[in-house]
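First to last, the protein sequences are chains A and B. In terms of the working numbering, the first sequence opens at residue 1 and continues consecutively. In terms of the working numbering, the second sequence opens at residue 1 and continues consecutively.
It cannot be assumed that every hint is accurate.
[Claimed, not checked] With a straight-line cut-off of 16 Å between C-alpha atoms, the simulated EDC-like cross-links for lysine to aspartate or glutamate are:
#	chain 1	residue 1	chain 2	residue 2
1	B	338	A	45
2	B	170	B	121
3	B	334	A	45
4	B	331	A	27
5	B	233	A	62
6	B	31	A	113
7	B	81	B	63
8	B	170	B	85
9	B	31	B	18
10	A	229	B	134
11	A	141	B	134
12	B	31	A	110
13	A	280	A	176
[Unchecked claim] Residues of chain B clear of chain A, computed beta-carbon distances all greater than 12 Å:
#	residue
14	63
15	70
16	78
17	141
18	172
19	178
20	193
21	210
22	237
23	284
24	302
25	310
Keep in mind the hints are simulated off the structure, nothing from the lab. Quick caveat, the model's predicted, so the values are computed rather than measured. All C-beta atoms, glycine included, are put in the ideal place defined by N, C-alpha and C.
Below are the chains, spelled out letter by letter.
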Amino acid sequence: MQELINRAKSLLESGEVARVLGWRKGENVWDVEPAFFGNVDELSDFVYNGFCGANLSKYMIEASKLEGKTLVFLKPCDTYSFNQLTKEHRVDREKAYIIGVGCEGKIRVENIDAAGILDVIGADYPGHAENLTVKTLYGDKEVSYKSAMLERCHVCKGKEHMVYDELMGESTDTIDADRFAEVAKIEAMSPEEKFAFFQSELSKCIRCNACRNVCPACSCRKCVFDSTKFDSAQKANTTSFEEKMFHIIRAFHVAGRCTDCGECSRVCPQGIPLHLFNRKFIKDINELYGDFQAGADIDTKGPLTNFRLDDCEPDIVTKRG
Amino acid sequence: MLKIKKSDLAALFARISEKNDLFLPVKTAGKTNFAAWDEAADVDLDTLKTVKSPKDAFFPQSENLYTCNREDGKLKVSPEKLTDEPFVLFGIRACDVRAIDVLDRVFLSEPVDSYYAARREHGIIVSYACNNPETSCFCKVFGIDAAVPAGDVVTWMVGEELYWEAKTEKGEALTAQVRDLLVDADVATVEAAQAAIRSIIEKLPNSNLSLEGWGAEAAKTRFDSPVWEQLYKPCLACGTCTFVCPTCQCYDIKDYNTGNGVQRFRCWDSCMYSDFTMMAHGNNRTSQMQRFRQRFLHKLAYYPANNEGMFSCVGCGRCVDKCPSHLNIVKVIKAFEKEGV
Numbered sequence: 001m002q003e004l005i006n007r008a009k010s011l012l013e014s015g016e017v018a019r020v021l022g023w024r025k026g027e028n029v030w031d032v033e034p035a036f037f038g039n040v041d042e043l044s045d046f047v048y049n050g051f052c053g054a055n056l057s058k059y060m061i062e063a064s065k066l067e068g069k070t071l072v073f074l075k076p077c078d079t080y081s082f083n084q085l086t087k088e089h090r091v092d093r094e095k096a097y098i099i100g101v102g103c104e105g106k107i108r109v110e111n112i113d114a115a116g117i118l119d120v121i122g123a124d125y126p127g128h129a130e131n132l133t134v135k136t137l138y139g140d141k142e143v144s145y146k147s148a149m150l151e152r153c154h155v156c157k158g159k160e161h162m163v164y165d166e167l168m169g170e171s172t173d174t175i176d177a178d179r180f181a182e183v184a185k186i187e188a189m190s191p192e193e194k195f196a197f198f199q200s201e202l203s204k205c206i207r208c209n210a211c212r213n214v215c216p217a218c219s220c221r222k223c224v225f226d227s228t229k230f231d232s233a234q235k236a237n238t239t240s241f242e243e244k245m246f247h248i249i250r251a252f253h254v255a256g257r258c259t260d261c262g263e264c265s266r267v268c269p270q271g272i273p274l275h276l277f278n279r280k281f282i283k284d285i286n287e288l289y290g291d292f293q294a295g296a297d298i299d300t301k302g303p304l305t306n307f308r309l310d311d312c313e314p315d316i317v318t319k320r321g
Numbered sequence: 001m002l003k004i005k006k007s008d009l010a011a012l013f014a015r016i017s018e019k020n021d022l023f024l025p026v027k028t029a030g031k032t033n034f035a036a037w038d039e040a041a042d043v044d045l046d047t048l049k050t051v052k053s054p055k056d057a058f059f060p061q062s063e064n065l066y067t068c069n070r071e072d073g074k075l076k077v078s079p080e081k082l083t084d085e086p087f088v089l090f091g092i093r094a095c096d097v098r099a100i101d102v103l104d105r106v107f108l109s110e111p112v113d114s115y116y117a118a119r120r121e122h123g124i125i126v127s128y129a130c131n132n133p134e135t136s137c138f139c140k141v142f143g144i145d146a147a148v149p150a151g152d153v154v155t156w157m158v159g160e161e162l163y164w165e166a167k168t169e170k171g172e173a174l175t176a177q178v179r180d181l182l183v184d185a186d187v188a189t190v191e192a193a194q195a196a197i198r199s200i201i202e203k204l205p206n207s208n209l210s211l212e213g214w215g216a217e218a219a220k221t222r223f224d225s226p227v228w229e230q231l232y233k234p235c236l237a238c239g240t241c242t243f244v245c246p247t248c249q250c251y252d253i254k255d256y257n258t259g260n261g262v263q264r265f266r267c268w269d270s271c272m273y274s275d276f277t278m279m280a281h282g283n284n285r286t287s288q289m290q291r292f293r294q295r296f297l298h299k300l301a302y303y304p305a306n307n308e309g310m311f312s313c314v315g316c317g318r319c320v321d322k323c324p325s326h327l328n329i330v331k332v333i334k335a336f337e338k339e340g341v
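Pulled out of the complex, with its shape left as it was, chain A reads as follows (with noise of 0.2 Å):
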């Protein structure tokens, strides 16, 4: 951590940045949260561990409006995302001086089902433990790092960063699970167990909209459901229709866009797998027009917005079923 510190603070003194765009420590170690350093002694707060989760990327679209580059710290995985808002022209490259940071596999306290948490030890920056010594106010507990792991990371991308101006510490394989399994077992459903699924799960919605606002596929300057001019705006829900439709439409209009990058489902306060939803699109993608990744690169046009003589017909959808 203390070279990302130093990396950073020299770049800031040469004036090749004008601030840099990381995490900074809470008032426990897992309550990080993403921060704007303006200055060399602000960054005595800066914190990279294990529960830097957040995906900075969609900060990058704020930061691209300011004066002078802004030096950001990207995981592998937040680089697919800061590709695509580049190629939706959300972000400024040009305005962002990218350190890709290695990445060993990202934690939640959600997922240390221990209770009056006061520390975990064990979740430095690099060679964290295999294990992970909770202490809490009731006594002390031993959680294995992968099941505190967020679900992201056990389906994990890959180690290679996307987009960037160097690269700084080692990232280790946490793949232990198939991505498309979850997905798979629903497909397996019968529409009424499919229906009960969705119903059971989607019925905790509180429509915050924290997996929207966290989205970075989800950067329209004015989203339909914020706006009074239609009926599609809506703070809570008049029918238990309505919290389906919201996520089915999301799911809809980040359809080819999204990177996967798994933020919807750390964020929301009623642990809704949404992810799920995004990944039956990339899914149906893959199969459809042969394997895709948002975000890989900012040049290859989307399956979705692309057309090519052998793509599917539409009738494709009754005869898949």
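Use these hints to put chain B onto chain A, whose structure you have.
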């Protein structure tokens, strides 16, 4: 003091629900929230904090106010029926009970909110002491004792038994309905449990947070502080903090087009949203910094200014747990303390 075995709680809930609708913490798809009881409900009294607070019971996230329909060329207006049946809210924590006091001062002062008042009149609160306070809790700061919640009936889980004590007339009436299921109990056992809870509360990192400088005067002294500018930046402008908060009480009124009529409903609003309090002339808060400041000054300055110094935060810590960017009222209070402004 009365008590009942934990294993007999299903019978207690069944009995309560004979004469009252019963709402209590229920686990659905992995998360615990207040929900209506039935025999199939996965009742969860172990989770300290429900994701949403129980305020829905009195002030639902979304509720119809009235419906307009066109019938035979005439406009028919049908107001929503007010709650007129008793219901029991079981398992409310001390902070959430205090939060109802906060809401009362808003909804029960003139002009009285009839929808809220009807629910308050018919609602019976069975509170539940906190056995395992968490590090995000800071209710003590607001003078709340998690070992002795307020409520019509107060309960404590000690080992495998639930202790029960009626505190009000409503509570006595409810106790009478279930009296034969309860047996007389020893006060000393509960007192020992209370002492254990209080000793944990003392160890919580934020139990002795200083509120110096907050209150009515902060509206003037802290409004223009540069600290807000440093604090708000990670805010995603989502409504998580406001929707999980037991005291946030702002709402919006909207019309839903039903095709041949209008359903007028109100729903929780969030001061974090860009269209909050938007009027014909536009919006009176134009930046996220202003919206962010509004939320905390409402809790720590504006509300106390109108309510004899009472804060509208109860230290439940849900925002501490749930903010996607890990911003929260504790960080705000500490940031001002650090800056000495």
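Here is how each hint holds up against the structure:
1. Restraint check for residue 338 (chain B) and residue 45 (chain A): the C-alpha separation of about 14 Å stays at or below 16 Å, so the hint holds.
2. Between the alpha carbons of residue 170 (chain B) and residue 121 (chain B) the distance comes to roughly 10 Å, so the proposed pair stays at or under 16 Å and holds.
3. A C-alpha spacing of about 15 Å is found between residue 334 (chain B) and residue 45 (chain A), which places the hinted pair at or below 16 Å, so the restraint holds.
4. Taken as a hint, the residue 331 (chain B) and residue 27 (chain A) pair is honoured in the structure, with Cα atoms around 7 Å apart against an allowance of 16 Å.
5. Distance check on the hinted pair: residue 233 (chain B) and residue 62 (chain A) sit about 10 Å apart at the alpha-carbon level, within 16 Å; holds.
6. A C-alpha spacing of about 13 Å is found between residue 31 (chain B) and residue 113 (chain A), which places the hinted pair at or below 16 Å, so the restraint holds.
7. With a CA separation close to 11 Å, the supplied pair residue 81 (chain B) and residue 63 (chain B) stays within the 16 Å bound.
8. Distance hint between residue 170 (chain B) and residue 85 (chain B) is fulfilled; the C-alpha atoms sit about 14 Å from each other, no more than 16 Å.
9. For the proposed pair residue 31 (chain B) and residue 18 (chain B), the alpha carbon gap of about 27 Å is over 16 Å, so the pair is violated.
10. Distance hint between residue 229 (chain A) and residue 134 (chain B) is unfulfilled; the C-alpha atoms sit about 44 Å from each other, more than 16 Å.
11. Note on residue 141 (chain A) and residue 134 (chain B): the hinted pairing holds, with a Cα-Cα distance of about 15 Å set against a maximum of 16 Å.
12. Distance hint between residue 31 (chain B) and residue 110 (chain A) is fulfilled; the C-alpha atoms sit about 11 Å from each other, no more than 16 Å.
13. The hinted pair formed by residue 280 (chain A) and residue 176 (chain A) fails the criterion: a straight-line CA distance of about 19 Å is larger than 16 Å.
14. A beta-carbon of chain A is positioned within 12 Å of the beta-carbon of residue 63 (chain B); the least distance is around 9 Å.
15. Separation of residue 70 (chain B) from chain A is adequate, the least Cβ-Cβ distance of about 18 Å exceeding the 12 Å criterion.
16. For residue 78 (chain B), the requirement that its beta carbon stay farther than 12 Å from each beta carbon of chain A is met, with the minimum near 16 Å.
17. At the 12 Å boundary, the C-beta of residue 141 (chain B) stays outside the reach of chain A, the nearest C-beta of that chain being 14 Å off.
18. Non-interface call for residue 172 (chain B) relative to chain A: holds, since the shortest CB-CB distance, roughly 34 Å, exceeds 12 Å.
19. No Cβ of chain A comes within 12 Å of the Cβ of residue 178 (chain B); the nearest lies about 30 Å off, and the non-interface call holds.
20. Annotated as non-interface, residue 193 (chain B) keeps its C-beta farther than 12 Å from every C-beta of chain A; the closest such distance is 15 Å.
21. No Cβ of chain A comes within 12 Å of the Cβ of residue 210 (chain B); the nearest lies about 14 Å off, and the non-interface call holds.
22. A beta-carbon of chain A is positioned within 12 Å of the beta-carbon of residue 237 (chain B); the least distance is around 6 Å.
23. Residue-level check passed: residue 284 (chain B) sits 16 Å from the nearest beta carbon of chain A, beyond 12 Å.
24. Residue-level check passed: residue 302 (chain B) sits 22 Å from the nearest beta carbon of chain A, beyond 12 Å.
25. At the 12 Å boundary, the C-beta of residue 310 (chain B) stays outside the reach of chain A, the nearest C-beta of that chain being 25 Å off.
Going through the hint list in order, the structure does not satisfy hints 9, 10, 13, 14, 22.
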